[in-house]
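Participant: Next come the chains, spelled out residue by residue.
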Amino acid sequence: MVETRLGKIKFALNLLVADFLFKINSTVPFDYSNSFLAHFVLENPKTIDCSIQISTENFTYKPAEKVFSANANFEDNYLINNYYWEVFNSKNHKYFIIFEKENNKAIVKAQFSEKADIWEIFLDKDYYNNTKNIFPYPSFHLILYYFLEAQNCLMMHASGVYKLGNKAILFSGFSGAGKSTISRIFSENNYQLINDDRLVLRKINNSWKVYNTPMFYKEKPQSASLFKLFLISHGKKNEANKLNGASALASILAFCLQHNYDSKIVQKNIGLVNDLLQNAAIYNLAFLPDNSVVNFIEKLDE
Amino acid sequence: MKIELSVIPQKKDNHSSQKIGDEIIVVPIVNDIAQMTDLYTLNETAAFIWENLDGLKSLNDILNLMIDNFEINETEAKADLFSFMEEINTFVEIKVPHEK
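Protein chains in written order, with my numbering: chain A, 54 to 355; chain B, 2 to 101.
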């Protein structure tokens with residue numbers, strides 16, 4: 054793989070995320086010890102899957118086709134409400150730009166290869182000097198999303214738990230459906246939490262595996278093979294019904310992160326979810342927010 | 002949405018679709034994060050209508066096909082057809098046949 058030189062490297066880091074190796078080279082220093090990345094660091098990697106070069110050189114961007122944008126307030130979250138970003142297709146590569154909402158100032162330009170495995174990140178000098186942060190929100194999230202998408206992985210709004218030696222159970226649904234609640238209940242009943250918000254699903258050797266990411270929480274890497282998925286809602290009793298066909302596929306797809314500006318991406322995601330559903334059962338689940346749901350799920354289909 | 006049975010609907014290219022068994026899933030092509038969770042599943046009847054939106058058949062042709070292929074009378078078929086066309090109007094363009 055050819056690496057792009059953007060200047061003298063003052064900081065380097067290797068991360069292992071979802072069993073992919075990311076190599077980060079930066080011309081400016083970065084203290085990652087207190088960041089979300091800390092637990093995903095890997096020493097002495099053998100092969101590199103994704104190369105990220107970061108510098109604070111001045112950047113410009115030529116007019117290109119804007120294919121996707123995110124400029125909305127979704128959550129009561131300082132970061133989401135103070136930054137927005139746009140994705141562009143230019144002749145030779147794609148790139149995204151993150152802007153500060155207050156003054157529409159571009160603080161980072163990230164351009165990436167067709168396979169999203171080679172990245173050049175240009176940081177605004179003032180932003181870096183004020184924050185010492187080489188990954189302004191949501192740059193690392195977007196790098197991860199586009200790389201994983203190119204690698205035929207899925208990223209999902211879901212929580213996941215597993216018991217040691219066993220496979221993972223995933224819970225998904227809209228905000229407020231109870232993803233964090235139900236994963237907390239399982240964690241209190243001898244299950245290990247993979248993550249309670251974002252998961253990566255990756256097919257390895259004909260089986261689907263579930264991973265956490267260094268996106269929102271400072272936690273150690275976790276993974277497990279996929280077993281079952283539940284679309285959850287609060288209920289007056291624990292009850293579940295199995296989903297099949299297009300309903301099952303749509304239910305999963307709706308909770309996957311998707312930048313569906315390209316029909317090829319959409320078609321690929323449909324295919325991936327369809328494949329996933331050949332390997333894992335999906336249910337609608339209404340649940341009581343107490344320990345009874347653990348026993349209910351463990352006995353399901355017995 | 003009031004449309005004549007003589008019109009010829011055709012699907013636009015602003016979506017991607019996939020048949021799963023007797024059903025179809027339709028995913029809009031979007032350029033904004035706010036539309037990330039929008040998608041549609043079509044049951045057997047809706048999927049049948051969808052597959053016949055080929056730019057060649059009129060709504061009247063499709064109506065007759067529905068009556069022939071499903072246990073449904075003309076009134077029910079018409080109601081289903083117009084209701085469905087209302088639901089999916091963003092994915093379809095309407096051609097008015099030229100008068101002779």
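In case anyone wonders, no lab produced these hints; they're calculated from the structure. Any given hint might turn out to be false.
In silico contact screen, one side only, chain B against chain A (beta carbon under 10 Å); selected entries [as the list claims (entries may be wrong)]: (1) HIS16; (2) THR42; (3) ASP55.
All residues carry an ideal CB built from backbone N, CA and C; glycine is no exception.
Participant: Would you mind marking each hint as holding or not holding in the structure?
Facilitator: Against the structure, the hints come out as follows:
no.: 1; hint: HIS16; verdict: holds, 8 Å
no.: 2; hint: THR42; verdict: holds, 4 Å
no.: 3; hint: ASP55; verdict: violated, 18 Å
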